[in-house]
Amino acid sequence: MMRDILFHIKSLIAGHFTVFKHSFKPAVTVEYPDEKPIIPDRFRGKHTFDENACIGCKTCMRVCPASAVEIFKDGNKKTILFDYKKCIFCGNCKYYCPKSAIGMSKQYELATDKVEDLKIEMGKKDNE
Amino acid sequence: MTETMKINIGPQHPSTHGVLRLVTELDGEDIVSVTPVIGYLHRGLEKSAESRTYLQYLPMVDRVDYLSGFFNSYAYITAVENICNIDVPKRAEYIRVLCMEMNRMTSHLLWFGTYILDLGATSPLFYSFRDREPLMSLFEELTGQRMMYNYFTFGGVRFDVTKEWLDKILKYTDEMPAKLDDYEKIITSNPIFLTRTKNKGILSKNTALKYSITGPCLRASGVNLDFRKKFGYSIYNELDFEPPVETDGDTFARYKVRIAEMRMCLSVIRQCVDYLKNNSGEISAKVNSVALKVPEGEYTTYVESPRGLLNCYVKSDGTNKPYRVKWRTGSFYLVQMLPEILKGHSMHDIMAIFGSLDVILPEVDR
Amino acid sequence: MNYLYFLYIQFLDKYGIPEIFGDITFPIFPFCIIAAAIILVVLFLVLFERRILAVFTQRKGPNRVGFNGVLQTTADAIKLLCKQNINPVGVDRFLFNAAPILVFVPIMVLWGLIPYSSEFVFMNFSTSAILYTAIAALPVIGLILAGYASNNKYSLMGGIRAAAQIISYELPIMFVLLSVAALASSVNLKDIISAQISSVWFIVPCFAGFIIMFICSIAEMNRCPFDLPEAESELVAGYNVEYSGMRFALFFLGEYASLFVMCAFMATIFLGGYLPIGNKYISELIFGSNFQFLQLLIYFEQVIWLLVKTFILVYLVMLVRATLPRLNSQGLMLLSWKFLFPLSIVNFALIMVIKYLMVV
Chain A
1 MMRDILFHIK
11 SLIAGHFTVF
21 KHSFKPAVTV
31 EYPDEKPIIP
41 DRFRGKHTFD
51 ENACIGCKTC
61 MRVCPASAVE
71 IFKDGNKKTI
81 LFDYKKCIFC
91 GNCKYYCPKS
101 AIGMSKQYEL
111 ATDKVEDLKI
121 EMGKKDNE
Chain B
129 MTETMKINIG
139 PQHPSTHGVL
149 RLVTELDGED
159 IVSVTPVIGY
169 LHRGLEKSAE
179 SRTYLQYLPM
189 VDRVDYLSGF
199 FNSYAYITAV
209 ENICNIDVPK
219 RAEYIRVLCM
229 EMNRMTSHLL
239 WFGTYILDLG
249 ATSPLFYSFR
259 DREPLMSLFE
269 ELTGQRMMYN
279 YFTFGGVRFD
289 VTKEWLDKIL
299 KYTDEMPAKL
309 DDYEKIITSN
319 PIFLTRTKNK
329 GILSKNTALK
339 YSITGPCLRA
349 SGVNLDFRKK
359 FGYSIYNELD
369 FEPPVETDGD
379 TFARYKVRIA
389 EMRMCLSVIR
399 QCVDYLKNNS
409 GEISAKVNSV
419 ALKVPEGEYT
429 TYVESPRGLL
439 NCYVKSDGTN
449 KPYRVKWRTG
459 SFYLVQMLPE
469 ILKGHSMHDI
479 MAIFGSLDVI
489 LPEVDR
Chain C
495 MNYLYFLYIQ
505 FLDKYGIPEI
515 FGDITFPIFP
525 FCIIAAAIIL
535 VVLFLVLFER
545 RILAVFTQRK
555 GPNRVGFNGV
565 LQTTADAIKL
575 LCKQNINPVG
585 VDRFLFNAAP
595 ILVFVPIMVL
605 WGLIPYSSEF
615 VFMNFSTSAI
625 LYTAIAALPV
635 IGLILAGYAS
645 NNKYSLMGGI
655 RAAAQIISYE
665 LPIMFVLLSV
675 AALASSVNLK
685 DIISAQISSV
695 WFIVPCFAGF
705 IIMFICSIAE
715 MNRCPFDLPE
725 AESELVAGYN
735 VEYSGMRFAL
745 FFLGEYASLF
755 VMCAFMATIF
765 LGGYLPIGNK
775 YISELIFGSN
785 FQFLQLLIYF
795 EQVIWLLVKT
805 FILVYLVMLV
815 RATLPRLNSQ
825 GLMLLSWKFL
835 FPLSIVNFAL
845 IMVIKYLMVV
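Chains as they are written, first to last, in the numbering used here: chain A, 1 to 128; chain B, 129 to 494; chain C, 495 to 854.
In short, the hints are calculated from the structure, not lab data.
Take the hints with a grain of salt, since some may be wrong.
Calculated pairs, DSBU-like style, for lysine-lysine (alpha carbon to alpha carbon, straight line, at most 30 Å) [to be verified]:
hint	chain 1	residue 1	chain 2	residue 2
1	B	Lys299	A	Lys21
2	B	Lys299	C	Lys647
3	A	Lys36	C	Lys554
4	C	Lys647	A	Lys21
5	B	Lys471	C	Lys832
6	A	Lys25	B	Lys175
7	B	Lys443	A	Lys58
8	B	Lys175	A	Lys58
9	B	Lys313	A	Lys10
10	A	Lys58	B	Lys414
11	B	Lys296	A	Lys99
12	B	Lys328	A	Lys94
13	B	Lys384	A	Lys10
14	C	Lys577	A	Lys114
15	B	Lys414	A	Lys36
16	A	Lys21	B	Lys307
17	B	Lys313	A	Lys94
18	A	Lys86	B	Lys299
19	B	Lys218	A	Lys25
20	B	Lys307	A	Lys36
21	C	Lys554	B	Lys134
22	B	Lys218	A	Lys99
23	B	Lys421	A	Lys21
24	B	Lys449	A	Lys58
25	A	Lys10	B	Lys421
26	A	Lys94	B	Lys384
27	B	Lys449	A	Lys85
28	A	Lys119	B	Lys449
29	A	Lys94	B	Lys414
30	B	Lys384	A	Lys21
31	C	Lys832	B	Lys313
32	A	Lys21	B	Lys296
33	B	Lys414	B	Lys134
34	B	Lys421	A	Lys58
35	B	Lys175	A	Lys119
36	A	Lys106	B	Lys299
37	A	Lys10	C	Lys647
38	A	Lys46	B	Lys313
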């Protein structure tokens, strides 16, 4: 009985001391908007599109699990439409593109006020 | 007999880990009956497989249980590989096991933090998240994302691991045991923790087997059943590890099993890293994933996930889409057993017992 | 306080207003001082707690609003003030509105009982220590009413738990207070402090009592590990689950005000209250004993000494909060009735023996 109580008191003190010990360690917080996290190279953020490399094979459309990507082919002009309402950033379109025309950038701040902004068309401007 | 009170715990409740609803009948604070209601997180993951090709379904399986995505990928991919008779290179298997064991570590760390938070202590939550973060960053570096990896492919893995990456893991495994000791100093022998967990929610051997409980909860009840050991799938039979077993079957035993399993994870991770550092080889078999030809057949995989046995059953009818995909997850059976295990306890113990089971609700509803 | 009263009467006398009017209206001043002090101290305490908890868990805590986050709690308070007061369907309107006030008012009275310096005590009754413990148990009525009136099962359970808790933890506090009263031969807080000038601080002979008092005070403040009435992971928020806006702010204010005043009370009866370490005032050492305003400086220094002691205790309470998980109700009862209550009686007996030996 007495030994139990002593053991409990000892473990309570050890617990408090362990927590107290942590107050001397530096903070691990990353203050996000001021201090950006380090993004690795393989990060899957917003897509990039190289319309010159694209051959319009539509593999990306076939491998996308969410039907978030669409290719429009008009002669030599290829445009791609990403629907970020549906996209789950799995990277299948990037991984299975035979010509590596689709890439994924490190851009991850994609929040927007307007729903139309989530449908992004790429590859049109340069061809026009 | 006093009048009983019916109280709805959930679906929106701070500690039901998702959206579980427990219709609880209380007599004072004593539990008369508990009825779990599930289905609030149903996403149709099994049905949606039938309208997608094998490759299209691949990124979605990470979301069956978002805390252990690698296990789900592994279960699905090995099922498909076995139907197609694809041989996976050994190095790829080692990378897969390494990823899975690291994933088990993150999953258990998250369980530790949230479980202690359910019991009311705040600091350990932050410590466990702090220690989970390096692993998440390592995953991000390797696969491109922190939780939804889409890293395993049919026939192997997508990218090879680098030496620097492996060194970072070794550094982590060296630092981690001291941090686990810190956790244990705060919690394991704390008298309040002991009164709340010892002899609470006892899951006897028979009940556990009757409800087909698997994983750490079963091993805490004295049954030494670990599918890594039993089937030795992947390269587990080449590794040296001994899953921890406790005999009490109470909440404290489950806690101890998970803490011991974290230490075991570290040793398995170290063995995998040793192999990967000293051996080189292919990381993927030559498979055309986009036009994957899956012959008619069916296969069921057995994977020991952090929450118990994970089965993935895939049936193929020869087309490019699976005929049927069925998931069997550990959490579902744990929720099923809740009325039995909570009987005779008080309102306080609901969260202490439920938290110790480590239920992930998305995995229950799928 | 007498000095303030004297000034006020003098001021009224100048305009020919009778003294009786001054007697009646004078309590407005201490009331305003306490109200302002509570708000300031609570704003600081909440920030202090958030910062301390952040330090314990290797975080940074609030550091955006104002310089290094000092205005964070002020911003939170303003937000709470601006929020809508929601009256849920089926609540007992009168009790629902009265409960936060019933919680807050007794705590405000407690603030008036603490002697902040040898002259600065708002209500100096001869039985102020006894009165303190009596009033300290009152807020629980507010909690029970809040739980009952909210028409919510979680609230009701929280309220009932609060009641059970206060009953079991009031008795050990009384016994510890009795032993302190025996040591000081008085139940007046100022006399208890002056008794500690000549002898040691009462924490030395009565260390077990201090530990009991510390545990029971945490229980009475409903703080972790005794926060069963509002156990977040079980009862969502317990008795205040239906409250919003200003009414919730009152509960919140009451919780932190009681944290401060309980620690101040413990500092008073165990750590010598406003007495400096070694009975030497720093201002006396700096300015010499012949300095003109020495007495006035000492009054202020005494307040600072009390604050320092109080905040050391507050820090300990927060360390406990950061470390320990929550007790369950059985454990709560067992701890009180099987451990703290017998120990407090043993402690009382021991103190009586010490007192007897001291007198002889």
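Status of each hint after checking the structure:
This hinted pair checks out: B:Lys299 and A:Lys21 have alpha carbons roughly 22 Å apart, not beyond 30 Å. Our distance criterion of 30 Å between C-alpha atoms is broken by B:Lys299 and C:Lys647, whose separation comes to about 50 Å. Taking the CA atoms of A:Lys36 and C:Lys554, the gap is about 16 Å. The hint holds against a cut of 30 Å. About 40 Å separates the Cα atoms of C:Lys647 and A:Lys21, which puts this hinted pair outside 30 Å; it is violated.
In summary, the hint linking B:Lys471 to C:Lys832 is supported, as the alpha carbons are separated by about 27 Å, within the 30 Å threshold. Straight-line distance between C-alpha atoms of A:Lys25 and B:Lys175 comes to about 49 Å, which puts the hinted pair past the 30 Å bound. For the proposed pair B:Lys443 and A:Lys58, the alpha carbon gap of about 27 Å is at most 30 Å, so the pair holds. Proximity of B:Lys175 to A:Lys58 is assessed by CA-CA distance (about 25 Å); at most 30 Å being required, the pair is judged to hold.
Simply put, B:Lys313 and A:Lys10 have alpha-carbon atoms about 10 Å apart, close enough for the 30 Å limit, and the pair holds. With a C-alpha separation of about 22 Å, the suggested pair A:Lys58 and B:Lys414 falls inside the 30 Å cut-off, and the hint holds. Distance check on the hinted pair: B:Lys296 and A:Lys99 sit about 33 Å apart at the alpha-carbon level, beyond 30 Å; violated. For the hint linking B:Lys328 to A:Lys94, the alpha-carbon distance of about 51 Å lies beyond 30 Å, and the restraint is violated.
Note on B:Lys384 and A:Lys10: the hinted pairing holds, with a Cα-Cα distance of about 20 Å set against a maximum of 30 Å. A threshold of 30 Å between alpha carbons decides the hint, and for C:Lys577 with A:Lys114 the separation of about 28 Å falls inside it, so the pair holds. Taking the CA atoms of B:Lys414 and A:Lys36, the gap is about 39 Å. The hint is violated against a cut of 30 Å. As the CA atoms of A:Lys21 and B:Lys307 are separated by approximately 12 Å, the hinted pair is consistent with the 30 Å bound.
At most 30 Å may separate the alpha-carbon atoms for a hinted pair to count; B:Lys313 and A:Lys94 exceed this at roughly 47 Å. The straight-line distance between the Cα atoms of A:Lys86 and B:Lys299 is roughly 39 Å, outside the 30 Å bound, and the hint therefore fails. With a C-alpha separation of about 42 Å, the suggested pairing of B:Lys218 with A:Lys25 is violated against the 30 Å cut-off. Pair hint B:Lys307 plus A:Lys36 holds up; C-alpha atoms about 27 Å apart against a cutoff of 30 Å.
Taking the CA atoms of C:Lys554 and B:Lys134, the gap is about 42 Å. The hint is violated against a cut of 30 Å. Under the criterion of a C-alpha separation no larger than 30 Å, the hint pairing B:Lys218 with A:Lys99 is consistent with the structure, at around 29 Å. For a cut-off of 30 Å, the pair hint linking B:Lys421 to A:Lys21 is broken: about 59 Å separates their Cα positions. Between B:Lys449 and A:Lys58 the CA atoms are separated by roughly 18 Å; this keeps the pair inside 30 Å, and the hint holds.
For the given pair, A:Lys10 sits about 64 Å from B:Lys421 by alpha-carbon distance, which is inconsistent with the 30 Å threshold. Between A:Lys94 and B:Lys384 the CA atoms are separated by roughly 43 Å; this puts the pair beyond 30 Å, and the hint is violated. Between B:Lys449 and A:Lys85, the direct Cα distance comes to roughly 25 Å. Compliance with the 30 Å bound is thereby established for this hinted pair. Of the pairs offered as hints, the one joining A:Lys119 and B:Lys449 holds, with about 28 Å between alpha carbons and a cut-off of 30 Å not exceeded.
Under the criterion of a C-alpha separation no larger than 30 Å, the hint pairing A:Lys94 with B:Lys414 is consistent with the structure, at around 18 Å. Distance check on the hinted pair: B:Lys384 and A:Lys21 sit about 24 Å apart at the alpha-carbon level, within 30 Å; holds. In summary, the hint linking C:Lys832 to B:Lys313 is supported, as the alpha carbons are separated by about 26 Å, within the 30 Å threshold. Simply put, A:Lys21 and B:Lys296 have alpha-carbon atoms about 25 Å apart, close enough for the 30 Å limit, and the pair holds.
Using a Cα cut-off of 30 Å, the hinted pair B:Lys414 and B:Lys134 is violated, with the two alpha carbons roughly 59 Å apart. As the CA atoms of B:Lys421 and A:Lys58 are separated by approximately 19 Å, the hinted pair is consistent with the 30 Å bound. A hinted pair counts as satisfied when its Cα atoms are at most 30 Å apart, and B:Lys175 with A:Lys119 qualifies at roughly 27 Å. Restraint check for A:Lys106 and B:Lys299: satisfied, since their Cα atoms lie roughly 27 Å apart, inside the 30 Å limit.
Between the alpha carbons of A:Lys10 and C:Lys647 the distance comes to roughly 39 Å, so the proposed pair goes past 30 Å and is violated. Between the alpha carbons of A:Lys46 and B:Lys313 the distance comes to roughly 44 Å, so the proposed pair goes past 30 Å and is violated.
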